[in-house]
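**Q** Letter by letter, the chains look like this.
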Amino acid sequence: MGMTIAEKILAAHCDRREVQPGDLINCRVDFVMANDVTAPLAIQEFRKLGVARVFDPQRVALVPSHFVPNKDIQSAAQAKTMREFAREQGCVYFEQGQAGIEHILLPSRGYVVPGDVYVGADSHTVTVGALGAFACGMGSTDVAIAMATGEIWMRVPPTLRFIYHGRLNRWVDSKDLILHTIGQIGTDGALYAVMQFEGEALRDMSVNARFTMTNMVAEAGGKAGIMPVDQVTLDYVRPVARRQWTIYEPDPDCQYAATHEFDASKIETTVALPFSPGRTAPLSEVVKQDIKIDQVFIGSCTNGRLEDLQEAAEIMRGKKVAPWVRCIVIPATQDIYLQTLKNGLAELFTEAGCAFSTATCGPCLGGYMGVLAEGERCVSTSNRNFRGRMGHPNAEVYLANPAVAAAAAIAGRIVHPEEVL
Amino acid sequence: MTLRGHVHKYGTDVNTDVIIPARYLNTTDPQELAQHCMEDEDPEFVRRVRPGDVIVAGTNFGCGSSREHAPIAIKASGVSCVVAKSFARIFYRNAINMALPILECEEAVDGSKSGDELEVELESGAIRNLTRGTAFQAKPFPEFMLELLQAGGLVEYTKRRLAGKA
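If you're matching them up, the sequences are chains A and B in order.
According to my numbering, the residues represented by the first sequence are 1 to 421, in order.
According to my numbering, the residues represented by the second sequence are 1001 to 1166, in order.
Everything labelled a hint here was simulated from the structure, so no lab data went into it.
Keep in mind that the hints are not guaranteed to be accurate.
Anything over 10 Å on all C-beta distances counts as not near chain A; from chain B, calculated [to be verified]:
| id | residue |
| --- | --- |
| 1 | GLN1035 |
| 2 | CYS1063 |
| 3 | GLU1068 |
| 4 | GLU1106 |
| 5 | GLU1107 |
| 6 | SER1114 |
| 7 | GLU1117 |
| 8 | ALA1151 |
| 9 | GLY1153 |
So the derived label-pair ranges between C-beta atoms look like this [as the list claims (entries may be wrong)]:
| id | chain 1 | residue 1 | chain 2 | residue 2 | range |
| --- | --- | --- | --- | --- | --- |
| 10 | A | ARG170 | B | GLU1119 | 53 to 63 Å |
| 11 | B | GLU1143 | A | ILE247 | 34 to 44 Å |
| 12 | B | SER1114 | A | ARG170 | 29 to 39 Å |
| 13 | A | GLU88 | B | THR1027 | 17 to 27 Å |
| 14 | A | THR246 | B | THR1027 | 33 to 43 Å |
| 15 | A | THR259 | B | GLU1143 | 31 to 41 Å |
| 16 | A | ALA373 | B | LYS1113 | 27 to 37 Å |
| 17 | A | GLN231 | B | GLU1143 | 38 to 48 Å |
| 18 | A | GLN20 | B | GLU1147 | 32 to 42 Å |
| 19 | A | ALA373 | B | THR1027 | 18 to 28 Å |
| 20 | B | ALA1151 | A | GLU84 | 28 to 38 Å |
| 21 | B | ALA1151 | A | LYS288 | 33 to 43 Å |
Short derived list, chain B residues pointing at chain A, Cβ under 10 Å [unchecked claim]:
| id | residue |
| --- | --- |
| 22 | LYS1009 |
| 23 | ASP1013 |
| 24 | PRO1043 |
| 25 | PHE1045 |
| 26 | THR1059 |
| 27 | ALA1070 |
| 28 | ARG1089 |
| 29 | TYR1092 |
| 30 | GLU1119 |
| 31 | LEU1122 |
| 32 | THR1158 |
Note that beta-carbon positions come from the ideal geometry of N, C-alpha and C, so glycine has one too.
Generate the whole structure from the sequences, applying the supplied hints.
**A** This is the structure:
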């Protein structure tokens, strides 16, 4: 029987000619990652194993991203635990000031390449699947085992195919495609499965825009998100890759558990309402509710890339953030931060009255740098709006693309971007 | 192994942000995490939970972040087992890896209310609601998962495997 891209990658990593959904395999991993929240637990479990060294220090990355620069004594202690372990083991490590969010940083520096099996102790590890790799989020214990042995147990997932025909409308981007998709299939619509994305609408999309889609596979319950490798992928990978990559194509007779087809030209700009990424509505409906807001967050592993910031900047150019609204803009990595300093975006956002910060996950998970008070409302370009996610359990988060978020910051309520242009 | 305790029942999509909010992720101490277990879903949970109690919930329990702090908080709060209609995949792995028993059984979820007393037999997946005198059968664990649970979790299992190799 033919195999999907994901099945081929997994088969190649357990030395089998064929795997099928449901097979339990012990699988080699090409790269392993943990961050400052998940690494301390992973290190604790690693020590229990009685193994002295990680399987390959050049294939284990520890990235401080969530509570850095450290927000309190406890988070400083966690970052310290991770730093000392990285130093002891000689792992790939990025210090605060040279780092950023791992899901953007690692692929942009070529640590993960097409055809890899990549596991990370963070649910949004799936982001990197847009490169045609099998990227899977796991817990700290799983990652400790992968760090020690270079292997992980895995149940081969079925693959769901998502095809986007046609071209995107103006003001509709990859964020809208994935929000719309999760709204259709639900927050467990891809539970335990691989989401394979393809179609005309993705063909001209940059890898950075594609990452936004695979990023939110986590919000549909998926085990991995994957996209076929094309010229756009190779143009991204070639200048940065640290290893040889492998391109896997699906067999013509491979089996998909289901195929979902969309007419991308009919998908509207989409917003996810509190308290679920699956509670989506077209922006055209949401604006009728005249939703006033207190905060806007532009950043995160979903939409903190340079082109996301450019999209927001086009809306904010020459304008001011609405009175009584705060707008927080955070580039996802220090590389992007540096580019915004050089190309004028940092100045543009600051002139507009935004709080503009060094790279971090920041307010996305309500750790620090923009926590919401009771009753407050935020429009965010991040990926989750669960109750309490960004602060008080009675604060609300609306998820949207960068243009919609920027427009909300200018108007002080949720509006169509054209309304503020 | 037979577990017995009272039910704390919740709805669908109980996510890791409400099981243990990120504002408490600056520690890995199980007892500290347990003090905030379920805080944004049910602020009364920590006061009411007794050793052996069972969390019962709808579909997609544990969705969201990969934080292992969520099953750690549940286990350290005294909960003996979670019964849900389905589990999010990372939570499922995390729970099995740390030997927190979790069972999938739609009928037991529909047939139980908060406060009911449940008896769960882990190996067979038999669930009895002692308050209502009803019985249910959960999906049995695949053999490999049962091995992990019986070994006391993935670390113990891997230690044995590595020792066997050496």
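**Q** All the hints need checking, so say for each whether the structure fits it.
**A** Here is what the structure says about each hint:
For GLN1035/B, the requirement that its beta carbon stay farther than 10 Å from each beta carbon of chain A is met, with the minimum near 14 Å. Its beta-carbon lying about 6 Å from the closest one in chain A, CYS1063/B breaks the requirement of being farther than 10 Å from that chain. With a minimum CB-CB distance of about 4 Å to chain A, GLU1068/B fails to clear the 10 Å threshold, and the non-interface call is violated. Every beta carbon of chain A lies more than 10 Å from that of GLU1106/B, the smallest distance being close to 13 Å; the non-interface claim holds.
Its beta-carbon lying about 19 Å from the closest one in chain A, GLU1107/B satisfies the requirement of being farther than 10 Å from that chain. Against chain A, the non-interface label of SER1114/B holds: every CB pair exceeds 10 Å, the least being about 19 Å. Distance check on GLU1117/B: its Cβ is at least 29 Å (rounded) from any Cβ of chain A, clearing the 10 Å threshold; non-interface status holds. Distance check on ALA1151/B: its Cβ is at least 13 Å (rounded) from any Cβ of chain A, clearing the 10 Å threshold; non-interface status holds.
Remark: the non-interface label on GLY1153/B conflicts with the geometry, its nearest Cβ contact in chain A lying 7 Å away (cut-off 10 Å). In this structure the hint that ARG170/A and GLU1119/B lie 53 to 63 Å apart at CB holds, the actual value being about 60 Å. Checked against the given bound of 34 to 44 Å, the beta carbons of GLU1143/B and ILE247/A, roughly 36 Å apart, stay inside it. A hinted range of 29 to 39 Å for the beta carbons of SER1114/B and ARG170/A is inconsistent with their spacing of about 50 Å.
For GLU88/A and THR1027/B, the hinted distance range of 17 to 27 Å is satisfied, since their beta carbons lie about 22 Å from each other. For THR246/A paired with THR1027/B, a C-beta distance near 41 Å keeps the hint of 33 to 43 Å intact. Taking 31 to 41 Å as the suggested C-beta distance range, the pair THR259/A and GLU1143/B conforms, at roughly 32 Å. For the pair ALA373/A and LYS1113/B, the supplied restraint of 27 to 37 Å holds, since their beta-carbon distance comes to about 35 Å.
Checking the proposed 38 to 48 Å range against GLN231/A and GLU1143/B shows it holds: the Cβ atoms sit about 45 Å from each other. The hinted window of 32 to 42 Å between GLN20/A and GLU1147/B is violated, with their beta carbons roughly 21 Å apart. Between ALA373/A and THR1027/B, the C-beta spacing of about 23 Å keeps the proposed range 18 to 28 Å intact. A hinted range of 28 to 38 Å for the beta carbons of ALA1151/B and GLU84/A is consistent with their spacing of about 30 Å.
Under the hint 33 to 43 Å, the C-beta atoms of ALA1151/B and LYS288/A, about 57 Å apart, miss the expected range. With a least beta-carbon distance of about 17 Å to chain A, the hint placing LYS1009/B at the interface is violated under the 10 Å criterion. Satisfaction of the interface hint for ASP1013/B is found here, the shortest Cβ-Cβ separation to chain A being roughly 6 Å, below the 10 Å cut-off. The criterion of a C-beta within 10 Å of any C-beta in chain A is met by PRO1043/B, whose closest approach is roughly 8 Å, and the hint holds.
A hinted interface residue such as PHE1045/B counts as satisfied when its beta carbon comes closer than 10 Å to some beta carbon of chain A; here the least separation is about 13 Å, so the hint is violated. Taken as an interface hint, THR1059/B checks out: its beta carbon lies about 6 Å from the nearest beta carbon of chain A, inside 10 Å. For ALA1070/B, the shortest C-beta to C-beta distance to chain A is roughly 9 Å, which falls under 10 Å, so the interface hint holds. Restraint check, ARG1089/B versus chain A: the minimum CB separation of about 5 Å is within 10 Å; hint holds.
For TYR1092/B, the interface hint holds, the least distance from its beta-carbon to any beta-carbon of chain A being 8 Å, beneath 10 Å. With 10 Å as the threshold, the beta carbon of GLU1119/B stays out of range of chain A, its nearest partner Cβ sitting at about 28 Å, so the hint is violated. The interface hint given for LEU1122/B is violated, since its Cβ lies 20 Å from the closest Cβ of chain A, which is over the 10 Å cut-off. A distance limit of 10 Å between C-beta atoms decides the matter here; for THR1158/B the minimum to chain A is near 5 Å, and the interface restraint holds.
Violated hints, listed in ascending order, are 2, 3, 9, 12, 18, 21, 22, 25, 30 and 31; each of the other numbered hints is respected by the structure.
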